[in-house]
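With these hints in hand, go ahead and build the complete structure from the sequences.
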Amino acid sequence: MNRQPTNATKGSILIVDDTPNNLRLLASMLTQQGYKVHSAISGAVALTAVKVVNPDLIVLDINMPEMDGYEVCDRLKAEEVTRKIPVLFLSAFDDVSSKVKAFQAGGVDYITKPFQVEEVLARVESQLTLQRMQTELQQAKTDALRALAQEQELNRLRSEFVSMISHDFRTPLTSIQGFAELLRHSGIELSDETRERYFNKIDGAIEHLLHLLDEVLLIGGLESGRVRYQPAAMDLEQFCCDLIETVQFSTNNQHQITLRYRGNGVGAEMDQMLLQQILANLLSNAVKYSPEGGQIQLEVECQSEVAIFRVRDQGIGIPLENHPHLFESFYRGSNVQQIKGTGLGLAIVQRCVAAHQGNIWIESEENRGTTVTVTLPSVSTASL
Amino acid sequence: VATRRVLVIDDEDDIREVAQASLEIMAGLDVIVACTSSEGLIKAETEHPDAILLDVMLPDLDGLSTFQQLQANPATRHIPVILLTAKVRASDHNRFADLGVKATITKPFKPAMLAKQLLEVLNWDT
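Heads up: the protein sequence lines correspond to chains A and B, in order.
Residues 1 to 384 (the working numbering) are what the first sequence spells out, left to right.
Residues 1001 to 1126 (the working numbering) are what the second sequence spells out, left to right.
What the hints contain is simulated information worked out from the structure, not anything from laboratory work.
Glycine is no exception: its CB is placed at the ideal position from the N, C-alpha and C atoms.
Any given hint might turn out to be false.
[Said to hold, decoys possible] Here are some chain B residues pointing at chain A (derived, C-beta under 7 Å): (1) E1012; (2) D1014; (3) I1015; (4) R1016; (5) V1018; (6) A1021; (7) A1086; (8) A1090; (9) P1108; (10) K1110.
[What the hints assert, rightly or not] Straight line, CA to CA, 30 Å or less: simulated DSBU-like cross-link-like pairs of lysine-lysine: (11) A:K36 / B:K1043; (12) A:K141 / B:K1110; (13) A:K141 / A:K36; (14) A:K99 / A:K51.
Put into structure tokens, the structure is as follows:
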């Protein structure tokens, strides 16, 4: 249990003494110094009170009837919730064995009666300072261990990321190297058709590499903060129309993408580059994982403070067991088979949505289709 | 002497095609292909290949688990397996060797080198 002295006071103290006059004197003295003071007239009362008031320090008399101070201290140290509360013994016994016994019971200090006010105050203050320092030290240790665990996890993820990049770059490089050498190899008689196909394979692998490189750089930029959210006023409806045209062109118009737009998006403030990444990735995923001629719908609803984007397809869908991993870099659904992809699209989308302080969720059923919903603030969140 | 047969298991179309062309044209081998682990395990048992070139990262079951299944099956246990991997660390290669794979070939590979390495590792004459 972390113990922090009460904010409004210098700390709270429980005084345990069977002599009412001693209790009054100590309480008055400590209260004047700004401590919050609780009193207990016996060991039994103290053991009950300690759990209620949870003091920062206990000043404990030794010579009490029924239960003496040593036994009270033993019992405090035996319980988890009270074990760490420092106990300062106060006693008329001035002999060494009494003092040793007090420290053996778990006391942190010992003052003999009759006491000097200044001495009691100095020792109380010293114990509370020590207690504070211990708490801070413990907190610092906990924070350091947490930071270390986070750093280790980050390093593991980085290392995994580099390993995945390495793998994903090697595959197209193998194609380029392999087909180039097959073309060059003097002993091989290749038909014109095969040669053409090998050249196309090389072109395709280079295009894939460049695309992969762009995506890796973008993810790196988003994660390091180099790529920042930069909102600007835009015409959202026009933006969506233009984007659909681009996606349809780049996918050879093999799918029909329709836009259903509601609301007034003129003046919506979003980061156009990030929004382009979000919608282009979602639409191209919808195209890629839908049968040729499949219907894809982009629904946009622009309200005064939020814009809702929904991309629906009737494609192959995503198996349920893949859902928890969809935003991981290089993760691909187990049913994608030979459909090409880098496994970075949704990871990029999620980071772009996060940069807008938006939300994303995916509903998908295998062989039925996928709907991705994204909500983004339609006003700038740059100053939040 | 019957032409030796190699089963190439890789989920990447291009890699399969490069490997197949390399081994057929440059080493004169008979090549059959599989694009998933499950297809590979069936072909390993039914097509009786003399060696298997196996990708480490497969979508349905990874290469090492596929290798272990091949080892567990008395019908395929004797077939030498050569791993194809993008992992380049020596520690990974040593780990693969400890598991009992015949050799590990790193991507990217040159077709002529692939054919040469495979023939050397298996002690096959061209």
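Hint check results:
Taken as an interface hint, E1012 (chain B) checks out: its beta carbon lies about 6 Å from the nearest beta carbon of chain A, inside 7 Å. At its closest, the beta carbon of D1014 (chain B) sits 4 Å from a beta carbon of chain A; the interface hint therefore holds under the 7 Å criterion. Evaluation of the I1015 (chain B) hint against chain A yields a held restraint, the C-beta minimum of about 6 Å falling below 7 Å. Given hint, R1016 (chain B) at the interface with chain A, is violated; its Cβ is 10 Å from that chain's nearest Cβ, farther than 7 Å.
A cut of 7 Å between beta carbons decides the hint on V1018 (chain B): the least distance to chain A is about 3 Å, and the hint holds. Checking A1021 (chain B) against chain A by beta carbon gives a least distance of about 5 Å; that is within 7 Å, so the hint holds. Because the closest C-beta pair between A1086 (chain B) and chain A is about 4 Å apart, less than 7 Å, the hint holds. Interface restraint check: A1090 (chain B) against chain A, minimum CB-CB distance 15 Å, threshold 7 Å, status violated.
Annotation: interface hint on P1108 (chain B) holds; nearest CB of chain A at approximately 4 Å, less than 7 Å. Using the Cβ-Cβ criterion of 7 Å, the hint placing K1110 (chain B) at the interface with chain A is satisfied: the shortest such distance is roughly 5 Å. Between K36 (chain A) and K1043 (chain B) the CA atoms are separated by roughly 81 Å; this puts the pair beyond 30 Å, and the hint is violated. Taken as a hint, the K141 (chain A) and K1110 (chain B) pair is broken in the structure, with Cα atoms around 53 Å apart against an allowance of 30 Å.
For the hint pairing K141 (chain A) with K36 (chain A), the CA-to-CA distance comes to about 29 Å; that is within 30 Å, so the pair holds. Taking the CA atoms of K99 (chain A) and K51 (chain A), the gap is near 26 Å; set against the 30 Å cutoff, the hint holds.
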